[in-house]
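Asks: The listed protein sequences derive, respectively, from chains A and B.
If you read the first sequence in this note's numbering, its first letter stands for residue -18, the second for the next number, and so on.
If you read the second sequence in this note's numbering, its first letter stands for residue 1197, the second for the next number, and so on.
No wet-lab data here; the hints were simulated from the structure.
Glycine residues also receive a C-beta, built at the ideal position from the N, C-alpha and C atoms.
The reader is advised that the hints may include incorrect statements.
As the list claims (entries may be wrong) - Computed cross-link-like contacts, DMTMM-like style, restricted to lysine to aspartate or glutamate with a CA-CA straight-line distance of at most 25 Å: (1) B:K1214 x A:E23; (2) B:K1236 x A:D71; (3) B:K1542 x A:D63; (4) A:K100 x A:D63; (5) B:K1482 x A:D64; (6) B:K1486 x A:D45; (7) B:K1543 x A:D71; (8) B:K1282 x B:D1420; (9) B:K1482 x A:E29; (10) B:K1486 x A:D99; (11) B:K1323 x B:E1233; (12) B:K1236 x A:D99; (13) A:K7 x B:E1233; (14) B:K1236 x A:E23; (15) B:K1323 x B:E1437; (16) B:K1209 x A:E11; (17) B:K1482 x A:D45; (18) B:K1542 x A:D99; (19) B:K1214 x B:D1257; (20) B:K1494 x A:E29; (21) B:K1542 x A:E11; (22) B:K1214 x A:D71; (23) B:K1543 x A:D(-1).
Said to hold, decoys possible - Covered stretches of chain B, going by a simulated chain A footprint (3 or more residues, C-beta under 8 Å): (24) 1255 to 1266; (25) 1480 to 1492; (26) 1507 to 1520.
To be verified - Okay, the calculated beta carbon distance ranges per label pair: (27) B:N1375 x A:K(-11): 47 to 57 Å; (28) B:Q1274 x A:E11: 52 to 62 Å; (29) B:E1500 x A:D63: 41 to 51 Å; (30) A:D45 x B:G1459: 44 to 54 Å; (31) A:E(-10) x B:G1459: 34 to 44 Å; (32) A:D64 x B:E1457: 33 to 43 Å.
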Amino acid sequence: MGEVKFSKEHEWIKLDGDVATIGITKHATEMLGDIVFVELPESGSSIEKDGNAGVVESTKAASDVYTPVSGQVLECNQSIIDDPSKINSDPENQAWFFKLKIKDKSEMESLMNKEEYDKFAKENTN
Amino acid sequence: METQKTALYEYHKSLGAKFVPFAGYQMPVQYTSGIVEEHKLTRTKAGLFDVSHMGQLFIEDNSNLIEELEKIIPIDLQNIKLHQSKYSFLTNESGGIYDDLIVTKVEKGFNIILNAACKENDYKIFKNALGYKFKLILNKDLSLIALQGPKAAEILESVINGASSLRFMNGNNFLFKENKIYITRSGYTGEDGFEISLQNKIVESLAKILVAKGAQPIGLGARDTLRLEAGLCLYGHDIDETTTPIEANLKWAISKRRRVEGGFLGYNKIKSNIDGNISRLRVGIKPLGKIIAREGVKIFSQDENEIGSVTSGTFGPSVNRSIAMGYVKYDFTKPGTKIFLEVRGKKYEANVIELPFYKKNYVR
Chain A
-18 MGEVKFSKEH EWIKLDGDVA TIGITKHATE MLGDIVFVEL PESGSSIEKD GNAGVVESTK
42 AASDVYTPVS GQVLECNQSI IDDPSKINSD PENQAWFFKL KIKDKSEMES LMNKEEYDKF
102 AKENTN
Chain B
1197 METQKTALYE YHKSLGAKFV PFAGYQMPVQ YTSGIVEEHK LTRTKAGLFD VSHMGQLFIE
1257 DNSNLIEELE KIIPIDLQNI KLHQSKYSFL TNESGGIYDD LIVTKVEKGF NIILNAACKE
1317 NDYKIFKNAL GYKFKLILNK DLSLIALQGP KAAEILESVI NGASSLRFMN GNNFLFKENK
1377 IYITRSGYTG EDGFEISLQN KIVESLAKIL VAKGAQPIGL GARDTLRLEA GLCLYGHDID
1437 ETTTPIEANL KWAISKRRRV EGGFLGYNKI KSNIDGNISR LRVGIKPLGK IIAREGVKIF
1497 SQDENEIGSV TSGTFGPSVN RSIAMGYVKY DFTKPGTKIF LEVRGKKYEA NVIELPFYKK
1557 NYVR
């Protein structure tokens, strides 16, 4: 299984063969606060890099979720739809958002590694 | 305009508060445990809120203040008792609402609590109407904190002897560290609780004692979810200059005598609303699924006509579901009416329901 990469929109992505698992980072959940609703892309649909791939809502506001790479949605995580608070408690493991059949692996190259992301997140904390 | 800070700013900071600008003030939106947890602690124990950004206006009575005040506030001030509080509004010429407020009769006049975002404009309105004859003080040396929740009375009584014997919507003078403070039994959460008005220089000391006794500091985030569950209006969202008190379903707040006699700004429109000439009403909205319908979401009838819009909506932590309020055309206001909410281009089924979502626990 490959290295976990990160996007500037605070998504993480883990590649296993040509299947990517995508979620939002712990840093993102800390900025959002308590998550109370999540909307995920439809299984089977195709989504494009940096395109809209769902919504997370906290008690305060709604925020868009983007996909860091293009591909076809294979599966969504029903358990976070049923209990969105799981996203706050375990964002980078159990509370993954969706799995993609990745279209172009080279899209991974522009993403950040953990160290780069941690630095980016620290600089972009509001 | 430079952002202002309340006297508790440093204290909030020391507690790990996240701040947001609100009505010109840096206010804590939440502390470290988060909005949902803060909300639940207020419902199960006691929450402490800094609401010092709100305006505290004192108007001194020297002769016929009641008569003059009744011209701009639609409540029966002739029959208000000493230390009694009433919810009311400043209405405009067209029956809309400049602000909603709490009026308390005190020994030398009236204390009026104003919304932070409206207080400067309110002051002008009061000054124009009353300034020729009455002394008005928009007091900047005073803080206001609210202690809310089932443990509020026990906690406050252990610090301020006698406070727990106040009745709902009644106040009185008390002493804290030899300073006179004013406490009312009121709030904005749907829980039993108190609002405490005291000098800036002693507020941190009282706040710390209340927290040491078990009150949890609560930010504006949970204040909003608590008031929405309790079906209470937020000025600038659920009510404003274009909504009348009758449309807002707040007829109860206009005293009976005033509904009949009038004599306040916008009475013609309000009377006409009361007589049945009314096109819309504020209602409670219960989405059937988990979808959250926020301010601005359009509301449709079953036959796809637009019939109104949402004015407040969130997830209610104590009722554990999505809740909203909004205005719909009068024909669609009956509880149980099926409506549709348009969120991000898709329509979601919802029902009109009676407010509040969460049953109030006031001590009468």
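Asks: Each hint should be assessed against the structure and marked as holding or not.
Replies: Hint by hint, here is what the structure shows:
| no. | hint | verdict |
| --- | --- | --- |
| 1 | B:K1214 x A:E23 | violated, 35 Å |
| 2 | B:K1236 x A:D71 | holds, 21 Å |
| 3 | B:K1542 x A:D63 | holds, 20 Å |
| 4 | A:K100 x A:D63 | violated, 33 Å |
| 5 | B:K1482 x A:D64 | holds, 19 Å |
| 6 | B:K1486 x A:D45 | holds, 17 Å |
| 7 | B:K1543 x A:D71 | violated, 31 Å |
| 8 | B:K1282 x B:D1420 | holds, 21 Å |
| 9 | B:K1482 x A:E29 | violated, 35 Å |
| 10 | B:K1486 x A:D99 | violated, 33 Å |
| 11 | B:K1323 x B:E1233 | violated, 42 Å |
| 12 | B:K1236 x A:D99 | violated, 32 Å |
| 13 | A:K7 x B:E1233 | holds, 18 Å |
| 14 | B:K1236 x A:E23 | violated, 34 Å |
| 15 | B:K1323 x B:E1437 | holds, 19 Å |
| 16 | B:K1209 x A:E11 | holds, 17 Å |
| 17 | B:K1482 x A:D45 | holds, 24 Å |
| 18 | B:K1542 x A:D99 | violated, 36 Å |
| 19 | B:K1214 x B:D1257 | violated, 41 Å |
| 20 | B:K1494 x A:E29 | violated, 29 Å |
| 21 | B:K1542 x A:E11 | violated, 29 Å |
| 22 | B:K1214 x A:D71 | holds, 22 Å |
| 23 | B:K1543 x A:D(-1) | violated, 35 Å |
| 24 | 1255 to 1266 | violated (count 0) |
| 25 | 1480 to 1492 | holds (count 4) |
| 26 | 1507 to 1520 | holds (count 4) |
| 27 | B:N1375 x A:K(-11): 47 to 57 Å | holds, 52 Å |
| 28 | B:Q1274 x A:E11: 52 to 62 Å | holds, 54 Å |
| 29 | B:E1500 x A:D63: 41 to 51 Å | violated, 30 Å |
| 30 | A:D45 x B:G1459: 44 to 54 Å | holds, 52 Å |
| 31 | A:E(-10) x B:G1459: 34 to 44 Å | violated, 58 Å |
| 32 | A:D64 x B:E1457: 33 to 43 Å | violated, 55 Å |
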